[in-house]
Amino acid sequence: MLAFKQKSIKTLALGSIIGLFSSSAFALELNPEIGVVLEGLFHSGETALSGQSEGFSLGHNELTLSSPIDDLFHGRLTTVLESHAGEVEVGLEEAFVETMALPFNATIKAGRFLSQIGYLNGRHTHEDDFIGRPMAYRAFLGNHYFDDGLRVNLLMPVSFYWQVGAEVFNGSQLIGASHDEQVGVYTLSTKFGGDINVSNSWQGGLSYLGNRLTNVETGDEEHDHSEDAHDHEGHNHSAAYSGRHIYLADLVWKWAPNGNAKEKEWVFSTEYLRANHINQHADPEDYQYGWYGSLVHKFAPSWSVGYRYGEVNLKLAHEDHLDDQSSKEHQVSLTWSRSHFSSVRLMYSAQDSVGLNPEDDHALGLQFLMSFGAHGAHEY
Amino acid sequence: MNINRIAATLFLGVSFLVNSGLATADLSVFACEPEWKSLVDELGGEHVSSVSATTAFQDPHHIEARPSLIAKLRQADLLICTGAELEIGWLPMLQKKSANKQIQTNHLGYFMASEYVELLDAHTHVDRSMGDVHAAGNPHMHLDPYRLLRIAEKLSKRLKLLDSENSNYYQGRYDKFEKNWQAAIMQWEQDAKALKGLQVVVQHANWRYLFAWLGIDVVADLEPKPGLPPSTSHLVSILESLKMHNASLIAVAAYQSATGAHWLANKTDIPVVILPFTVGGTQEATDLFSLYRVTLSLLLNKDLNNIKQEKTD
Chain W
0 MLAFKQKSIK
10 TLALGSIIGL
20 FSSSAFALEL
30 NPEIGVVLEG
40 LFHSGETALS
50 GQSEGFSLGH
60 NELTLSSPID
70 DLFHGRLTTV
80 LESHAGEVEV
90 GLEEAFVETM
100 ALPFNATIKA
110 GRFLSQIGYL
120 NGRHTHEDDF
130 IGRPMAYRAF
140 LGNHYFDDGL
150 RVNLLMPVSF
160 YWQVGAEVFN
170 GSQLIGASHD
180 EQVGVYTLST
190 KFGGDINVSN
200 SWQGGLSYLG
210 NRLTNVETGD
220 EEHDHSEDAH
230 DHEGHNHSAA
240 YSGRHIYLAD
250 LVWKWAPNGN
260 AKEKEWVFST
270 EYLRANHINQ
280 HADPEDYQYG
290 WYGSLVHKFA
300 PSWSVGYRYG
310 EVNLKLAHED
320 HLDDQSSKEH
330 QVSLTWSRSH
340 FSSVRLMYSA
350 QDSVGLNPED
360 DHALGLQFLM
370 SFGAHGAHEY
Chain X
0 MNINRIAATL
10 FLGVSFLVNS
20 GLATADLSVF
30 ACEPEWKSLV
40 DELGGEHVSS
50 VSATTAFQDP
60 HHIEARPSLI
70 AKLRQADLLI
80 CTGAELEIGW
90 LPMLQKKSAN
100 KQIQTNHLGY
110 FMASEYVELL
120 DAHTHVDRSM
130 GDVHAAGNPH
140 MHLDPYRLLR
150 IAEKLSKRLK
160 LLDSENSNYY
170 QGRYDKFEKN
180 WQAAIMQWEQ
190 DAKALKGLQV
200 VVQHANWRYL
210 FAWLGIDVVA
220 DLEPKPGLPP
230 STSHLVSILE
240 SLKMHNASLI
250 AVAAYQSATG
260 AHWLANKTDI
270 PVVILPFTVG
280 GTQEATDLFS
290 LYRVTLSLLL
300 NKDLNNIKQE
310 KTD
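Taken in sequence, the protein lines are chains W and X.
Heads up, the final residue of the first sequence is numbered 379 in numbering that gives the first Met the number 0, and it's a clean run with no missing numbers.
Heads up, the final residue of the second sequence is numbered 312 in numbering that gives the first Met the number 0, and it's a clean run with no missing numbers.
Only chain X is shown next, with the shape it has when bound in the complex:
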């Protein structure tokens, strides 16, 4: 009787340990960055349970291959990341340590978003004296709505391949997302007309796609080389060069230190604008739609919700 009770307790304990690791949804997704978690939530709905390895306050280039991430990747059916070497400092270690067959490179559960769109600034020659430059091109393409839509289409196809039973469900989710996204693009382009030709100081080339889409010009980069922190001498040279430009704002991502930007702002009266960069970077940026809307609001220095209100009135 006692032995039975002990055995039952042990069994319960073990099954708890085992089950607590498993997701209840059909597909368990490990996203490297919050934007991909949001996208897979849009497309997968209730059939997907997702985690993001990073938050909007972490630099996706520099992540520790933490034990918790290994444990999460072990359980994943699908790994979705930016690729183009953005996660090269930590993702290979996670893949290896997780020993999860499904998400190894070039398996069905391995999805690198950058492989499905053309990247800007691809280099035929790269060496490290150029800083942290990615040969395949600039990887920060999630803030271009057209590229994002193309990735959504490919990701939806992958979900259908991985979980064919719910194929129709995923198609339905994609169709809805596509319709809403196209409508949103039209609205955003309407709202952002005033931004064309705006001159902006950045800190890293992480706005490359957003600004190319909106027609915003980058006049200076606070990083002396990609990936290197702003140095005093470089900031001084930017201060000099800004005398010739009419920069309207200094754009900094939520995950970046704004020390250099504030120094420059004090010297020039150009305002610093902290942009969310990805989902969760500000309180209002809760999904991809609000991420874009909040970003445009901040760049325009206007509340876009109010603009919409005015239009409908």
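Pulled out of the complex, with its shape left as it was, chain W reads as follows:
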């Protein structure tokens, strides 16, 4: 009897220990998932269209909450804190719900989210291999274009990867002003890709952005002079240069020995952006364009080096005429990552501009990008 009692006490104790253990283990699974990305910057100068201030500043400090809502919906909220010229700006970059599994491999996304045009635009900036987006993105998309709207995507029933999608947006995030249109901006895009062999993979994309707001008065933008155009763009995240129709083409190729990207990898990516029908004053034949090509080499598990060349050929709307502007930019970056969650980057940029009159034609940048908490899986 006594023995039995002792045994049952032991069992009880063991049971409560297991219970304690499993409940605390369970508590590790945070619901919702919380993730923070910290970014600090130093720039030795201000180059054209950079949107970066000289000296120390805070970059894209993200706080993200995400969670499945039920078995059909998934939600995500991303707030961004940035310091710009001594002031802290709070922004809402993402606030969306997304379906997980609809018939016909369809996905619907609604709320505020990053547009899927081009290759880089749909990605978070903390995934980039360089400090700041290419010049073409800075000019036409205000670094990265996100807005309030709705997206429908379809994955086509073919053996290779082929996705088609359409988005409708309010558009005020692109032009940086409010307006009366119900749908200010819409996009159509397609992405396709596959493996060439175990070591080589690729993805291509074509997108179109229709901007119905080229005639909307956008406050100070009309009077914006070239020398402070970059400043304006950095503040508002709206695109300083636009057009009725924007076309984008992108191609990405990745190589890793045996497909094992942990040790070594080469990534080549290139995008071309072209904006037609610039505004009501412009000849419909007038267009502005930009492109970039970048090659990034991870040469050791913790180290990568990258080179990016970018060009823009712009026409700034000024009163009733267009001013020609252009710039060529070379960038070299070196990145060290202690783990998947931390990186420190050094980058040198050299520009050759016509009509943009930047304060500096070259600059050195230093960046740290670190994250803690939940960290979502990255896109290709």
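Don't take every hint at face value.
Covered by chain W, per the in silico footprint, the following chain X stretches (three or more residues, Cβ under 8 angstroms) [what the hints assert, rightly or not]:
(1) 82-89
(2) 126-140
(3) 209-220
To be clear, the hints were calculated from the coordinates, so they are not data collected in a lab.
All values derive from a computational prediction rather than experimental measurement.
All residues carry an ideal CB built from backbone N, CA and C; glycine is no exception.
Please build the complex by placing chain X on the supplied structure of chain W, with the hints as guidance.
Positioned in the frame of chain W, the structure of chain X alone reads:
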């Protein structure tokens, strides 16, 4: 007539595009790692067509969510992975992008092997200063034959649920696999007796279950923290600590860089042994049975096929 011909060509083209994506077997399986592809091939036989997202030469922690993988997962009826956060850096993206209802988390076509066995080294507290540590426990459990058998049993049940028409077929395959596997375990344990107490240097805790089963002791890990590459200072400290241990070999997986291991081998004369880790890691490791046999052979530095021969003679 011309229009008819064009229409017929278009129809053929479209149906080719559509059909080429579909598997002819009853169940299309997307396995995250080669060991699960092998297991589902054993259990599903001709009624299953399977692909593995990774090869034995790729680190399963670090995989790109490539377009080809999205296309493959789109067509899958069953997703089988290790789980326990091993694939957390890429699988959620594939699931989302594939927009395939059947394989979403907690649906019938979602099978995480680690959910069916007890994991070693589960942590109640995890933070990233500890390195790439999984709270749920060490996920590399496919090299423990007993856990693998338990997973096989659960996987077989899942195949029957997904494709009940062939239920008897799957049961038959499982019974055969179980019998052969149990016999193989007996043989392996017999062969591996000499390995008990062996002292080994590793590079990552990916041999945890294998060595626990065989009674092998790990005396040093080339990774300063789980998931971090071997650093010079850490290698130097291991070199010091090895003076007190009698390590017999340095075990490295086929997918890992052996640079640090070779450096240590040069300084100490301890041999580096490249183990397959999973199916396909060496030429001889073509299925789960040969994976275990080859691994034991390499650890014993003997050809086990010959040992068997001697015994039967």
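Quiz item: What are the numbers of the hints the structure violates, in ascending order?
Solution: 3
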